[in-house]
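**Q** Each chain is listed here by its residues.
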Amino acid sequence: MKQELVITLIIFILLFVKLGKEETKNETLINLVNILLALNFVSGFLFQQSGTLFGDMFRTTELFTFEKNLLNLGTLIISLQSYNWLKDHKHVPEFYILLLSTLLGMFFMISSNNLLMFYLALELSTIPLAALANFDLEKKRSSEAAFKMIISSAFSSGLLLFGISMLYGSTGTLNFTELPSHLNGNPLQIFSFILLIAGFGFKISAVPFHLWTADVYEGAPVAVTSYLSVISKGAILFVLVSVLYNAFAPLNESWYKILFLISVLTMIIGNLFALRQQNMKRFLAFSSIAQVGFILIGITGYSPEGSASVIFFVLIYIFSNLAAFGVINLVSAVTGRETINDYKGFYKNNRSLSWVLAIALFSLGGIPPTAGFFGKFFLLLAGADRGNYLLITIAALNMVISLYYYLKVIKAIFMDANDDPIEQIKTSWSPRIAMIICVAGIIIVGLASGAYQYIHSLVK
Amino acid sequence: MNLSLLILIPLITAIAILLVKGLKQVRTIALFGSAAQLILAFILFYFYRQERGSGNTANFIFENNYKWYEPLNINFHTGVDGISIAMILLTAFVVISGVLVSWKMEKLNKEFFFLLIFLSLGAYGFFIALDLFTLFFFLEVAVIPKFLLIGIWGSGKKEYSAMKLALMLMGGSALVFVGLAGIYFNTNINGAHSFDLIQIAGMNIPIEVQKLFFPFAFIGFGIFTALFPFHTWVPDGHSSAPTAASMFLAGISMKLGGYGCLRVATYLMPDAAHEYSTIIIILACIAILYGAFATMMQTDLKYINAYSSVSHCGFVLLGIGMLTKTAIDGAVMQMVSHGLMTALFFAVIGMIYDRTHTRQVAQLGGLMKMMPFISTVFVIAGLCSLGLPGFSGFVAEMTVFMGSWQKADAFYRIATILACASIVVTAVYILRATGKAIMGPVVNNEHLSLGDAGWNERLAAGLLILGIVLIGIAPFLLKDLINPGTNIIIEKIAAVIK
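In order, the protein sequences belong to chains W and C.
By the count of numbering that gives the first Met the number 0, the first sequence reaches residue 459 at its end, each step adding exactly one.
By the count of numbering that gives the first Met the number 0, the second sequence reaches residue 497 at its end, each step adding exactly one.
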């Protein structure tokens, strides 16, 4: 419970600051939260314990603690990157309270051992996110994004709850550890399972539940978009892996087929739509949909290598996607320009930022020596274990298609000429630290096998 | 002798390039780095000869095995045999010549030399890798630097060519990946799957598995070697690239595919190689003839050389398809010979283009008058290409033909005759281009005031000509080097044919 308690503590501190009489400067507040998050991240690696709480509804293991640490790191990086945008915002304490509430919800979700606890945590993580999507208070686009998000989230939560109730009806238990012994694959269980997958699918933007993604990602402020695309997806994927491998182990033939179908659709549709995008935020939204397709292949592996590769990939994905969003965040905050055409000739005035974005896109595309190569390779290798080489071939060919749209951006930055290129952007220290962490992560986590070996030892 | 030096030296050179400013420092560092690499390659060759001379008959020597991703049984396993050393020497020669030819690169020179050295790192790593994952890693490392080199510093329709090249090579890598995954999951060594080349070669992969995954691996690597019909990236890619990149692309990058076809596809899956040999021979012959005839139609010097690369690399695939000892020897020799020759040809075309600003044969004439050195080098490269004895081209092609003729069936004999016939076509386009551009009347009076090669260009051309002539008049040097390497491949094939 340690990490949850620390986050709750930070939320309370922020509440007291907000209610206090004195006006604290935004910069101090942001730095304070960042330091506390960093401390939480470091303390996450010390004094690790395993056990259950709340009548077996809440469970901690070393693996879950590590997953929560990853999400914590991601949130810290996002917070560092949003410095420019936040310091002029009028509602900084509210932003952090809402953000940390969602993070708290995700922590509980990962640790949940009970379907209702899971649902409670899911709602805690979703509702503040819809409010966060609206945080560009002057822009109409932002409100539209929030609206679309709350409606689709409510709908998916409804489906999920329906599935949970039917599952309870047919098995008589809500507890994840007791569930496998009660599952016998009768039609009611399969039906409720499909509804569950639909609920999960909404959150990870798998096809055909992806339609809300592009509009919400485009309309929300960049910080919230990066949070949605990285942390929110990562948390749900962690839960999906542990739920499918442990609680739904008896149904594994069924969920293998469902995942196969969803992953193929997700990869292909994500790639096809990404090809046509002009807005960088929408572009990254669709590319992240395609990435989820790859991750689902890793999940189909149903082996320790499968879950290790998924967790490893989420770590790499955090670094890569946040590096890309970091650059876009900065450019958007300073100049307001967001389309691929605006990025033509970016290399002329912004050498280091171009390289950061290039390395991030190479990692997303799966090019060595960045970590993305290792991540994708291990995912596909885990998936091939099942013997379904058709899936692997489709995935490998999709990597080629995805490379095309990543290279289109690289082409615009390095090769195209522009009459009005983006002028030189001075990076303040906070986003700079974030981008250094991300790039260092991308280069080191792949070449040095320590991270993967640690993860593999946790899942065995 | 630690083979990781071969990767460490380019890495240090590349990082050092990033730290300095200004063309002079950058190119000096690049030159020192590639010269050090060339010396290292020779030292490696010398030690290798010593080892073999003192009776070491292991398949691969100077092995180093570092655990990398233990749960998946992936190791950083390096080692060399004769074929690898021949390719490493080739790479060292081509890279240093490329650096010399780019001596006056003004535009974004730091990034240019960095990418060139980084590209060579990928090639060296590929040739020393004895673990399939490591091999694949280095194969893919090379793709993006090529994209950037062509797209930023190229000429003509460079963005289109760069994108086409990157996507097709990635497509090849994707197919190779499926092949590797298939091999991996069908190995069972001490109860675990393995990526280790030596261990996999020691066991027998079931024939059904081989027949399924051999096409993936062979076609995947074949795309790198311009296997018909996946050769379409070659003409545009090589022609739009800047000179040093063209030299590297045609000289080394295409050989990555040939080496992969030999070392991974044929060596590890000999039953399937035997099954599919007919199709490989047909595709190789089509590549040879189609490449030759297509070259006759070209009017741009670079396109002439690019299409002729498709044709010459067809000989490599023909040798691999024939599966006799002499043919495979010939394939490896053709890889080395063609690498040197085409690098030389691209270098000299680059020199002509720098001076006359045109690559169209129609707009060039009588260059021998103004640029005697460059013109002589052009003639030498051309004669090597059409297989004149005394140069390496003759030696390699002759070996391939003799190896192909050893198979007595009508099908093989016809394939050999068709391949031989392509030499006539080669002679046509080479002699026509030479006659028009080099000899003949001066077409453009502005060309009369152009200067000849500078010291850097003379050195670059000299190094490559040295290689070509050495192999041409003393082919036993190369043959003895690669002999043990090709022997182990032939042993596996012979066991299958029995």
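In short, the hints are calculated from the structure, not lab data.
Any given hint might turn out to be false.
So the derived label-pair ranges between C-beta atoms look like this [to be verified]:
#1 W/Gly335 / C/Tyr352: 39 to 45 angstroms
#2 W/Gly335 / C/Glu105: 54 to 60 angstroms
#3 C/Asn1 / W/Ile443: 49 to 55 angstroms
#4 C/Leu465 / W/Ala37: 56 to 62 angstroms
#5 C/Arg48 / W/Leu446: 31 to 37 angstroms
#6 W/Tyr167 / C/Glu62: 55 to 61 angstroms
#7 W/Ala37 / C/Ile487: 30 to 36 angstroms
#8 W/Tyr403 / C/Lys66: 31 to 37 angstroms
#9 W/Trp354 / C/Ala57: 39 to 45 angstroms
#10 C/Gly21 / W/Leu8: 51 to 57 angstroms
#11 C/Leu10 / W/Leu119: 38 to 44 angstroms
#12 C/Leu10 / W/Gly386: 51 to 57 angstroms
#13 W/Ala37 / C/Lys23: 42 to 48 angstroms
#14 C/Gln362 / W/Asp418: 52 to 58 angstroms
Not close to chain C: a few residues of chain W, all C-beta gaps over 10 angstroms, as computed [said to hold, decoys possible]:
#15 Lys1
#16 Lys24
#17 Leu38
#18 Asp55
#19 Lys86
#20 Tyr244
#21 Ser253
#22 Leu260
#23 Asp384
#24 Ile391
#25 Leu402
#26 Lys410
#27 Asp415
#28 Lys425
#29 Ser448
#30 Gln452
From the three backbone atoms N, C-alpha and C, an ideal C-beta is built for every residue, glycine too.
**Q** Against the earlier hints, flag every one the structure doesn't satisfy and list their numbers going up.
**A** Of the numbered hints, 2, 3, 7, 11, 12, 14, 23, 24, 25, 26, 27, 29 and 30 do not hold.
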